[in-house]
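A.B. asks: Residue-level listing of the chains:
Protein chains: 6
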Amino acid sequence: MKVVTLGEVMLRLTPEGYGRFVQADRLLTAYGGAEANVAALLAQFGAHAVFVTKLPAHELGLAAAGALRRYGTDLSYVLYGSGRLGVYYLEKGASQRGGKVIYDREGSAFARSLPDEYDWDGIFGGADWFHFTGITPALGGNCLHIVQRACREAKSYGATVSCDINYRASLWTCEAAREALTALMADVDVCISNADQVTQVFGLRAQGEGNAHDAVLAGMLAERFGLRGVALTRRRSVTASENFFSGMYYDGKAYFSREYDMLIVDRVGGGDAFAGGLIWALGNQEAPQAAVEFAAAAGCFKHSVEGDVCLASEQEVRAVANGMTDGRVSR
Amino acid sequence: MKVVTLGEVMLRLTPEGYGRFVQADRLLTAYGGAEANVAALLAQFGAHAVFVTKLPAHELGLAAAGALRRYGTDLSYVLYGSGRLGVYYLEKGASQRGGKVIYDREGSAFARSLPDEYDWDGIFGGADWFHFTGITPALGGNCLHIVQRACREAKSYGATVSCDINYRASLWTCEAAREALTALMADVDVCISNADQVTQVFGLRAQGEGNAHDAVLAGMLAERFGLRGVALTRRRSVTASENFFSGMYYDGKAYFSREYDMLIVDRVGGGDAFAGGLIWALGNQEAPQAAVEFAAAAGCFKHSVEGDVCLASEQEVRAVANGMTDGRVSR
Amino acid sequence: MKVVTLGEVMLRLTPEGYGRFVQADRLLTAYGGAEANVAALLAQFGAHAVFVTKLPAHELGLAAAGALRRYGTDLSYVLYGSGRLGVYYLEKGASQRGGKVIYDREGSAFARSLPDEYDWDGIFGGADWFHFTGITPALGGNCLHIVQRACREAKSYGATVSCDINYRASLWTCEAAREALTALMADVDVCISNADQVTQVFGLRAQGEGNAHDAVLAGMLAERFGLRGVALTRRRSVTASENFFSGMYYDGKAYFSREYDMLIVDRVGGGDAFAGGLIWALGNQEAPQAAVEFAAAAGCFKHSVEGDVCLASEQEVRAVANGMTDGRVSR
Amino acid sequence: MKVVTLGEVMLRLTPEGYGRFVQADRLLTAYGGAEANVAALLAQFGAHAVFVTKLPAHELGLAAAGALRRYGTDLSYVLYGSGRLGVYYLEKGASQRGGKVIYDREGSAFARSLPDEYDWDGIFGGADWFHFTGITPALGGNCLHIVQRACREAKSYGATVSCDINYRASLWTCEAAREALTALMADVDVCISNADQVTQVFGLRAQGEGNAHDAVLAGMLAERFGLRGVALTRRRSVTASENFFSGMYYDGKAYFSREYDMLIVDRVGGGDAFAGGLIWALGNQEAPQAAVEFAAAAGCFKHSVEGDVCLASEQEVRAVANGMTDGRVSR
Amino acid sequence: MKVVTLGEVMLRLTPEGYGRFVQADRLLTAYGGAEANVAALLAQFGAHAVFVTKLPAHELGLAAAGALRRYGTDLSYVLYGSGRLGVYYLEKGASQRGGKVIYDREGSAFARSLPDEYDWDGIFGGADWFHFTGITPALGGNCLHIVQRACREAKSYGATVSCDINYRASLWTCEAAREALTALMADVDVCISNADQVTQVFGLRAQGEGNAHDAVLAGMLAERFGLRGVALTRRRSVTASENFFSGMYYDGKAYFSREYDMLIVDRVGGGDAFAGGLIWALGNQEAPQAAVEFAAAAGCFKHSVEGDVCLASEQEVRAVANGMTDGRVSR
Amino acid sequence: MKVVTLGEVMLRLTPEGYGRFVQADRLLTAYGGAEANVAALLAQFGAHAVFVTKLPAHELGLAAAGALRRYGTDLSYVLYGSGRLGVYYLEKGASQRGGKVIYDREGSAFARSLPDEYDWDGIFGGADWFHFTGITPALGGNCLHIVQRACREAKSYGATVSCDINYRASLWTCEAAREALTALMADVDVCISNADQVTQVFGLRAQGEGNAHDAVLAGMLAERFGLRGVALTRRRSVTASENFFSGMYYDGKAYFSREYDMLIVDRVGGGDAFAGGLIWALGNQEAPQAAVEFAAAAGCFKHSVEGDVCLASEQEVRAVANGMTDGRVSR
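Chains as they are written, first to last, in our numbering: chain A, 7 to 337; chain B, 7 to 337; chain C, 7 to 337; chain D, 7 to 337; chain E, 7 to 337; chain F, 7 to 337.
Don't read these hints as lab results, they were simulated from the structure.
Among these hints, one or two may not hold up.
Heads up, the list lumps identical chains together, so a pair's fine if it works in one copy or across two of them.
[To be verified] List of simulated lysine to any residue pairs, SDA-like, C-alpha gap at most 25 Å:
1) 106 - 64
2) 106 - 319
3) 106 - 86
4) 106 - 52
5) 106 - 87
6) 259 - 215
7) 259 - 296
8) 259 - 328
9) 106 - 320
10) 8 - 125
11) 106 - 31
12) 106 - 22
13) 106 - 63
14) 259 - 193
15) 106 - 335
16) 8 - 85
This one's a predicted model, so the numbers in the text were calculated from it and none came from an experiment.
If we strip away everything but chain A, and leave its shape as in the complex, we get:
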């Protein structure tokens, strides 16, 4: 399976352990971004995962590329040029203290890139799937046009297109998001989001609570945009250290995964892992129930892994999906 994802990569800087920014004398580096995270997970699963971006032509750009290549992502179509490497600073939360993210991503090489710079034929030739998130069109510059172009190219090559809404209030307003994403939805087959964002961005509101509510909401979204499928992550935050996590997939009927009670190591990238798991399962023609179990297991697994990228093999995720969650040591 050849999967293409496209977006921005950032340098992530995190104090060690539960250190706060003001006391941190060293910051752990990681390189990630919603779409890059998906590609890196799929590469570990065995997909031919092509990640497309533009990086600054200096050593940090090379470092970002190297970090992604490490997990097998195909970076052959990455461009290098002027502009910054976006940065985000992450302070992990603990117990009642929430995590903090400070974004410093304006003016990145990617955000300054142009649709015509990319080798679309090379990128999408033979591609089975294209995935993007709502973050990319929100980045300004030509990013919306790049995504539009990519969607069109993907469709022309017969790829399935998925979009993770990933609404970020710090990047744009709900109105702007709705307008841009609505236009993009024409090319989208599978939409990934969560109930709050569906309501917030698209103004859709369902009655009731729990499973029933989410199933109805997914149905409304599917209908609105003529989607083949809708996947929702479902998270209940007890504290920064403990979350419940599960997923739902809707394709006319709603399928719910088991729910995980997680002690969190690093919660960034949980949604991306869910998306990656879903793409892998659907792309491999798994049944909806199996697919949502696999996706939720990938999302759960990510919460126990440091960094943006879910470091996991298909077997490891499948084991969790099959209920092996007692955490025993395998020797």
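Mind docking chains B, C, D, E and F on chain A? Use the hints.
C.D. replies: This is chains B, C, D, E and F only, laid out in the frame that chain A set:
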């Protein structure tokens, strides 16, 4: 609001993570002390927080001063001279294994200092509040006289005086504590403690259990010493990793905060954060219920922060006090 | 009390924190092995704990010896010669993600050693107890013969002999284990295991559930081999981060310890600590109920300590055994 | 002595040891900038050192402020508002491999600030000295106007004004630098630079070599701008690990310091330390020879200290200036 | 340029800084091997660098692959299967104390692999150059046959073949090396070594000293095996911290590079970097003098870089080759 | 050879790398003391090295014991009781910046111990050598009496007695040192010192320079106290990073070792390593020239090792003594 606190600063040395002393090949440094911790938190809230001590005139004394200044504490009245920098070694507990503290604080520059060395007029000119703890008079040397002098000066400048009992059995006996603290209570307006210490040090015993018991006990303490207010921290230790924490404030009537179920990052300084929160709230004329909520939130927040000092802004603490405890990432 | 244990020491290499192998840029070192861990704990309790092995005659062999000597183990009878130092790579699990161990221990200096190389008279002269585990005979080479010889020598010097079954499917089959261990059981007085292993290795099956089941199973094992006592650890894995742990001792009658709900720091070596605690208690003629409480407390305590070896004093373990599990800081 | 410096503070991120960017999994943090470094050194010497800047109003801005306050710098006049915190990535060189700096400082809160935002009367009331560098006017936005305003205010309060040319080709062209700095020179009393920059920026060229050349060049510069004094640092790079360093001060006559053969720990900030040493010595009316020795000693000392800021007391620098360079341990 | 290298990758474990094995509580990881190091450097230069090996099919094998992929090496033809990952422990020397390497590489997946397992057509299709070292045939198992097969395949595809003698006394005797390498030399075009090894392994002895000696020796070697070129590294060890390094290339005439006086960060892989530089320069048809300068610069550069792999761009190496060795910071 | 040394052990706390105290957020731990360092080196050489001290009965005392036991030192005669563990803070120097030591050792368990507490018969039974330094009698309390008693016991058991003058101005005056050491010299056979200290403490002055001067001075000292031998270390400090080091031994005739030009990793304990080397060589009846070469090599070697203790085998030191100082990697 100008707040003055006075006491000893120590170098705290802690193995990384959950390492035990015997295996530790490196120790994390922090500088703190009950009163310094209060001052540093108040400085972050925006108070003019003056911390008074005497430090050794060598590089470690400067390092201690620098560490406190970092968070905005005013160290203009600190003295430098001969004597040691006190040290305490802290091994964090985990699960059923309790934490360990080894004190090595005898002979500190502060403990050897004299009441007349300090610039009391500069220190207390314009001060609204003076805070000390029961640790300082327990340090021997002239420390009791220094505290007595400070209380008298504070009162003469019209400052409110608060005392956190902070009884430490390794420093003095209950009898010695009772005698010294009883004498000091004449100048104290607000007393901070917990139920066990009130009984242990002052011999006060209330009937019943839970809220009622603590309310009665606080009333007895208030009456005994003619206090304007009594605040008690209330902690239930499940294990070294999980504690329940809340607070009570009594001013004729008892006000109880919400209770927090905490996964602990670092429990040292939780009481100091509670004291700092209380002083900030009361000093800003907040209502008793709001004040105890703010104090308990500060105490809770500290348990998620590494080091002695609660690193937190007023807004962060207020958010917790308002019930935002689900630990979501703010982006 | 002089206790002898015999086995292999390995270099353990672990990513920091919850890092995965593929992302680890540094590995924490520890040196351990089931029997070495028992000896090191007993040395801390005050026993004369002799650990017998053969190490490679290069710097890493010296490093391994030094690491064990640090906690007071007597390494006077250790041999040095050709062969490798076995290595095991440990990735800690977290939440739903299980831990991983990669063994790389073939061809170790110990596995290549010969029964006649060791100074058996020096080793067992005056010994009260000899302890080995089922890992050693599984290592191939002459290891089974070395254990047989050691058992015989131990008995000839009047020592009590204990064996921790410690079945490892990666080292040998159940059939091979059964055959080898059955032969060795003739010299064993006290057998330590868990219910699953008893069934798996010896094919013993008891009816029922819970305490009753384990008591019957222990009785069957005791009868089969004419054992003086059987001890079982009892673990319930909720996730990699939370386990319930307790122990049972059977000497005709079954004694159950309290059960601990543990937040896990490092679960390797928990069973070894249980064994060490049991040997110390039984060797000091404690009553069965006290002995199993002490053993279970040692096992529980280990889960809160980094590394293979339970770093703990007798007093610390006794405190936990006595129910002091609220993790308060001792100052 | 009250000294004011004004400029931008950046977060500096450096791989540990001699690590390269592409392999760095953690980055050491430091906060600095040419003018902040000067202020922090002067504060350690005992000056009332006021540093003026504008920082982003988020946690990293607070962290930057805290880092500078740690060494005693007065940050009372710092503004907080919108904009980024500038970042620079530093890879240390070693032997034949040169160091690398990647600047990422555009759009900083300081660069976006306006001259009228600052409290000039508070800043310069009672000031004896104002120091700035050629970096600040190069930052774009209103930075040139801020510096012009500051110079004018400084002069109006009777302060001596010094400027370190600090030409950075990545920020502006020589022509732009010449034009802007020429205008500013009208208010400058003491100019600090090195021979290459004097020629490059101002087009001044002296005959000959070595001391004579530099003395003539300094004279030309002094004459061109009617300066009271000119100081030049003189560096000879053997490799990234070994440099020779000395200084010259010219006030009509040229004074040369001793030359240091340095094994370099961290060469960033060497020139700032030289400037700080010079200001301290001249501001305290030391004779020119003594002043240049003190300045060069401060510059040399910095090369042995990690981070941007020269961490040193006046006594330590004076000892080096007096020839105590054999590096013996003082106990 | 497509270059193929083939050999074993090992996990390298190094104490931090100048720590000795016996005191190291953590070990830095790196993955390397003589041929992998060459491939990784060439990939950074822009070559299509294919590295061929067999790795264990567990997480450490994946980690090794990831580490090499990070720098752009093409690992498409790597096999995964049973066997160990070889390990080598490296203790850095300092001053008069020499470095130490403990090899633990027997039984690796690569050493157990078979010539027919590899996809030789895929590997060598379009290849311009094949490089191997004398370490691989020394590893036992089928390694000699694998190299023979690779040489034959390389020649059949028209690739230039280079061999770095890399004699290791711990792996085989001189006699064994001579026999094996003599057989392989039939296919070799360019031989890389140093004067000592040429004499030791092939018994060639030249008169005289210095440049003349090495030129004659290279000529003898070229003649003996009908080589197109011979390259020698030339190292003078003053201490573990300071070495002089240069190179010579002989193609009928001898070309000597400049000599570098190096302060060493990490001397492992210096020869591999020399080989990589030489292959890049010769493969790009550079003149012999330029080629040996580039090769020596790459070798020198490596000594300033942590890890096995020379992390450097072509431009960085070219700058050193052009004499830019003063180590100035490039901003 | 059984060697006994006696003295205080301290916890040494050092910032990482070249960090200064004021910026250090973590401190590396080591445990050492002049006499403990000698014992630990001798244990590595293969001596039965008994180290005698009294440690505090808390976890840090156990940690200190463990650290020494790690290298094979026999701690069987160590006492545990009340009192502190002495601490010393070490900041490494670099280039022109000298190192710094802050001692905080008053009131240690050892300094409070009494001569009669120790088991002198066990300690000295079978002892060949007793070594102490001038630091111990300077520690106050009963330390002088303890040393006197130990000397007397040593002599009564026929042991050779050596004393390293190790004068520390921070502990006592020259006059006090002279008086105490003069009394002790009656029992001393071999005195170790350096030329400066001989003059400073004993007021002995020799004419001339260099070798001749030191030979004469040693002769004067030998004569004054009827010594069998006098050994002097000879150090020339260029900077904190580079020292020249050699030794001299005098037994009626003067023997000079080769001189080492050292790049320093950690210079603490160099003199102790020299003493340990000398004792080992003399105790094994090596000739004077060989003995001083071995001692100087041990001293030189130590400068390349982190921590207080020279981590080295006899073979490693002998290699350096034999001139193998080019630091090549041994594989």
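A.B. asks: State for each hint whether it applies.
C.D. replies: Verification of the supplied hints:
Taking CA atoms no more than 25 Å apart as the test, residue 106 paired with residue 64 passes between copies only; the shortest distance there is 11 Å, against 28 Å inside one copy. In the homo-oligomer, the alpha carbons of residue 106 and residue 319 lie at most 25 Å apart only across protomers (13 Å), although the nearest pairing inside one protomer, at 29 Å, exceeds that limit. In this assembly of identical chains, the alpha carbons of residue 106 and residue 86 lie at most 25 Å apart only when taken from different copies (19 Å versus 30 Å within one copy). In this assembly of identical chains, the alpha carbons of residue 106 and residue 52 lie at most 25 Å apart only when taken from different copies (21 Å versus 33 Å within one copy).
Taking the closest pair of Cα atoms, residue 106 and residue 87 come within 25 Å of each other only across two copies (18 Å); inside a single copy the shortest separation is 30 Å, beyond that limit. Proximity of residue 259 and residue 215 under a CA criterion of 25 Å is satisfied intra-copy only: 17 Å inside one chain copy versus 41 Å between copies. For the identical chains of this complex, residue 259 and residue 296 are intra-copy neighbours only, at 14 Å inside a copy versus 48 Å across copies, given an alpha-carbon limit of 25 Å. Taking the shortest Cα distances, residue 259 and residue 328 sit within 25 Å of each other inside one copy (22 Å), while across copies they are farther apart (40 Å).
Taking CA atoms no more than 25 Å apart as the test, residue 106 paired with residue 320 passes between copies only; the shortest distance there is 16 Å, against 31 Å inside one copy. Taking the shortest Cα distances, residue 8 and residue 125 sit within 25 Å of each other both inside one copy (16 Å) and across copies (23 Å). Within a single copy, residue 106 and residue 31 get their C-alpha atoms as close as 17 Å, and across copies as close as 21 Å, so both meet the 25 Å cut-off. Both within a single protomer and between protomers do residue 106 and residue 22 lie at most 25 Å apart by alpha-carbon distance, with minima of 14 Å and 23 Å respectively.
In this assembly of identical chains, residue 106 and residue 63 lie within 25 Å of each other by CA distance solely across copies; the values are 14 Å between and 29 Å within a copy. Taking CA atoms no more than 25 Å apart as the test, residue 259 paired with residue 193 passes inside one copy only; the shortest distance there is 22 Å, against 65 Å between copies. In this assembly of identical chains, the alpha carbons of residue 106 and residue 335 lie at most 25 Å apart only when taken from different copies (5 Å versus 32 Å within one copy). Taking identical chains as interchangeable, the C-alpha atoms of residue 8 and residue 85 lie at most 25 Å apart whether they share a chain (20 Å) or sit on different chains (21 Å).
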